[in-house]
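J.: Chains as they are written, first to last, in the working numbering: chain C, 31 to 337; chain Z, 207 to 516; chain S, 49 to 369.
These are computed hints drawn from the structure, not numbers from a lab.
Just so you know, these numbers come straight off a predicted model, no measurement behind them.
Misleading hints may appear alongside valid ones.
Chain Z stretches covered by chain S per the calculated footprint, using a threshold of three residues with CB under 8 Å from any CB of chain S [as the list claims (entries may be wrong)]:
(1) 209-221
(2) 335-347
(3) 355-368
(4) 447-455
(5) 460-472
(6) 482-488
Partial list, computed: chain C residues near chain S (C-beta under 7 Å) [as the list claims (entries may be wrong)]:
(7) L93
(8) K117
(9) D129
(10) A132
(11) S133
(12) R137
By construction, the Cβ of each residue, glycine as well, lies at the ideal position given by its N, Cα and C atoms.
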Amino acid sequence: MGVMTGKNLIEVEGLKKYFNVGGGKVLKAVDNLNFFIREGETLGMVGESGCGKSTAGRTILRLYEPTGGSVRFNGTDIYKLSPGKMKAMRRDMQMIFQDPYASLNPRFTVSDIIGEALDIHKMAGSSGERKKRIEELLDLVGLNTDHATRYPHEFSGGQRQRIGIARALAVNPKFIICDEPISALDVSIQAQVVNLLQELQDRLGLTYLFIAHDLSMVKHISDRVAVMYLGKMVELADSEELYSNPIHPYTKSLLSAIPVPDPEIESQKKRILMSAEGGGPIRSADEKTEETSLVEVSPGHWVAMPH
Amino acid sequence: MARYVTSKLLYTLLSLFILITATFFLMKAIPGDPFMSEKEVPAPIRARLEAQYGLDKPVMTQYVNYLGNIVQGDLGISMKKLNQEVGNIIGQTFGVSLRLGLIAVVVSTIVGVALGLLAALYHRKFIDSLVMVLAVIGIAVPSFVMASLLQYLFGLELKLLPITGLRSPLGYVLPVVALSAGPIAYIARLTRSSMLEVLNADYIKTAKAKGLKWPAILWKHVIRNGILPVVTYVGPMTANIITGSVVVERIFGIGGIGKVFVDSITNRDYTLIMGITLFYGIILMAARFITDIVYVLVDPRIKLTSGKEG
Amino acid sequence: MANDNITNKQSLPVVTANDFEPVNINERESEVIKRESLTAWRDTWERLRRNKVAMSGLVALVVIIIASIFGPYVAYWVHGYDYQTNDLMATNQKPSALHWFGTDDLGRDMFVRTWSGARISLIVGVAAALIDLFIGVIYGGIMGYFGGRVDTIMNKFSEVLYAIPYLLVTILLLVVFEPSLGTIILALTITGWINMSWIVRGEIMKLKNREYVLASRSMGAGTGRLLFRHLLPNASGPIIVTLTLSVPNAIFAESFLSFLGLGVQAPISSLGSMVENALTGWMYYPWRMLFPAVLISIIMLAFNLLGDGLRDALDPSLKNK
Chain C
31 MGVMTGKNLI EVEGLKKYFN VGGGKVLKAV DNLNFFIREG ETLGMVGESG CGKSTAGRTI
91 LRLYEPTGGS VRFNGTDIYK LSPGKMKAMR RDMQMIFQDP YASLNPRFTV SDIIGEALDI
151 HKMAGSSGER KKRIEELLDL VGLNTDHATR YPHEFSGGQR QRIGIARALA VNPKFIICDE
211 PISALDVSIQ AQVVNLLQEL QDRLGLTYLF IAHDLSMVKH ISDRVAVMYL GKMVELADSE
271 ELYSNPIHPY TKSLLSAIPV PDPEIESQKK RILMSAEGGG PIRSADEKTE ETSLVEVSPG
331 HWVAMPH
Chain Z
207 MARYVTSKLL YTLLSLFILI TATFFLMKAI PGDPFMSEKE VPAPIRARLE AQYGLDKPVM
267 TQYVNYLGNI VQGDLGISMK KLNQEVGNII GQTFGVSLRL GLIAVVVSTI VGVALGLLAA
327 LYHRKFIDSL VMVLAVIGIA VPSFVMASLL QYLFGLELKL LPITGLRSPL GYVLPVVALS
387 AGPIAYIARL TRSSMLEVLN ADYIKTAKAK GLKWPAILWK HVIRNGILPV VTYVGPMTAN
447 IITGSVVVER IFGIGGIGKV FVDSITNRDY TLIMGITLFY GIILMAARFI TDIVYVLVDP
507 RIKLTSGKEG
Chain S
49 MANDNITNKQ SLPVVTANDF EPVNINERES EVIKRESLTA WRDTWERLRR NKVAMSGLVA
109 LVVIIIASIF GPYVAYWVHG YDYQTNDLMA TNQKPSALHW FGTDDLGRDM FVRTWSGARI
169 SLIVGVAAAL IDLFIGVIYG GIMGYFGGRV DTIMNKFSEV LYAIPYLLVT ILLLVVFEPS
229 LGTIILALTI TGWINMSWIV RGEIMKLKNR EYVLASRSMG AGTGRLLFRH LLPNASGPII
289 VTLTLSVPNA IFAESFLSFL GLGVQAPISS LGSMVENALT GWMYYPWRML FPAVLISIIM
349 LAFNLLGDGL RDALDPSLKN K
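Work out the full structure: start from the sequences and follow the hints.
T.: So this is what it looks like as structure tokens:
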């Protein structure tokens, strides 16, 4: 967990992202998200697959154009930026992707992959400088500098994810969205990558939004955790508080699903099941969904309550 | 379903309309006029002819008249064959071509599916390789080469079959083989690959595990599912057989519509060219339209709702 | 046997903890990759090279291309005649030392004419395929990249156009605009590009949501970089296969047009127009038909074999489809 200054780096307000699914229906993948991330903080975001957390991450980086709402980075609303200013802004906000097999262009060498951002932002004056910077980055993520001329398919999943991290770091970003960066990796490799991410956060003063579907790993890395369910945020609290005192039934259900490495406890544990109310996030365009708003039940602990 | 059919139908009609329009204006773009051809026509006669054919009116009026005539099935009068209506010429010659074409369709489908199934069942064995080699040759060898070769070999050298004409049932053999070679090759390839896919599917293993007899599995599961993609080939096959018939009719001296088409182009009989082009166009577009509809009907996996799960 | 085992066991040295020493694991060193680095293209080539059928297609094509470039010059150099030189005293001659493939009805040398005809057929096929590629990549690229309403409209337009039978349009155009090498190639491409544009569209739609494309966008890459560095290079496999298979289609279409008298016009000839020309009286002079007909079949066959082989080599999982 990083060093926090108390200043808000990211402020998300009323963020919405709807997809047309045809037949006059929309998928409300992200519906009215409100939260902030302090500088140097790690905010975990959990929810089952399909709950809209990846869409939220991509919309925050403006890889998808939002349906509504705003995202402020250091006070600047990034959705209002011109293409030129947005391009410059992208140096500050980066992403590490879920699937290390799909996130690296198979026709690029490692040095092409890491160097692409340097080329786009003209950050390397000469090819020698570019090479030096790429080797520096490879070293930073714990890869052999000889690997620069290799192609992605020659690496293991963990190594590829390190390449992805080096690529994100190339532009010296302040904020990185980690979109389930470990869920496609072997369990034995997961800890290595998480440790690397934490080490980098300490060294470079990074701010993370860490998206995952696995609560145990999120607890380990996050300062605060947000729980998403069907496109909405249902609970947000400090990690310890959330794990010791979950309030929303969905959070309780998620926590009960974490396996405990003790067969005695595990066998007696009661799974809390929750049925999807309202039938999921696909609705006709004008249909009203149940309005909820976050209520602060104790300092810093917010829970979604119906109006 | 009704919505799907109507929208497909509308698009097909739109394509047809474009073809008709293109045909009309392309013919208008030809330098000179239809009466310039052989000998000098005196001015008064020319004027009377032009009035008779409506050629003295503005182009747009002619166009509207042309559209109106086509809707009524009137394709105009041949320019080179005196007083013969294009519609009649097509009517008189189409029967021969249709009979030949239909025989070729039946032969292609049966032989193609059989070869494809055989290749799939004996996957990676000699029969499979043999069928695939034949299929590649069937696709690669142009119909005119096939037709000439057959004519030379069986007609001239071996003297087994008639060289020209359809006077006896034997006369059909060579033209049908020449017409079917390409479609057989395509159908065999299509059938083989889809049968292979089905044969490797889990539900076949399940059926075997349940103790179903192999012929029953073959009929109920493999052939029924494996034959589906062949339906998609109906449209291209029609095109293939029409182009083929143009060639085959000429080589075997058969007086069908294909031969008339070749002659009309050689004689630059423009109304006849336009008429046959439209006629072919309608057949081909109808074949494609039917393919689209039938494919949806037979394949339950294609859903017509546009909605997808997120 | 049992006794042997026991004695063996007893003779084994006793292992104690002191016998173990830590292997100094250098994580960096353990990650050195020994395998020779192969690019995606080298990989494809290696797979293609092992496919004998596809390679024979490739070799045949190379031989035919070389022969069609140099063949006519060789004959000119040896015998001193070109594709137009006619000898009315030596019409319809059988193949001989003087005329390797015989002569045609005007006494022109068939060897020269066959190879220069192959040259024309290949030019028509390759040029039409390249124009299809050019238009198809632009049109399909726009549809796939922008998606949404742009895609819907452009796609409907191409569907309507595609439904109009290809050869009929070509025939109409050539009836109106007199056939020449240029008009034939143009007529062949008037709706020929649509298939390519659909291939490109499908590939781009599939690829544009890949994470590496999103990654590049998140770094601020523009449309040009995304298209030319990420999307098109990764779509190049199916594009190349389609390109390879569209050459024989164009060659076939041209030969069919020749059959209708709408192919390339005398004095130049394509393989198709030579076959057409040989139809009258070919029962007596089969060689006039044989050489161009066999050559055109080999060309079509070779392109098809190479295209199929490329498809397998580019995506091994699609084998046998």
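J.: Run every hint past the structure and note whether it holds.
T.: Checked hints:
| no. | hint | result |
| --- | --- | --- |
| 1 | 209-221 | holds (count 4) |
| 2 | 335-347 | holds (count 5) |
| 3 | 355-368 | holds (count 3) |
| 4 | 447-455 | holds (count 3) |
| 5 | 460-472 | holds (count 4) |
| 6 | 482-488 | holds (count 3) |
| 7 | L93 | 5 Å, holds |
| 8 | K117 | 4 Å, holds |
| 9 | D129 | 6 Å, holds |
| 10 | A132 | 5 Å, holds |
| 11 | S133 | 4 Å, holds |
| 12 | R137 | 5 Å, holds |
When the structure is compared with the earlier hints, no violation turns up for any of them.
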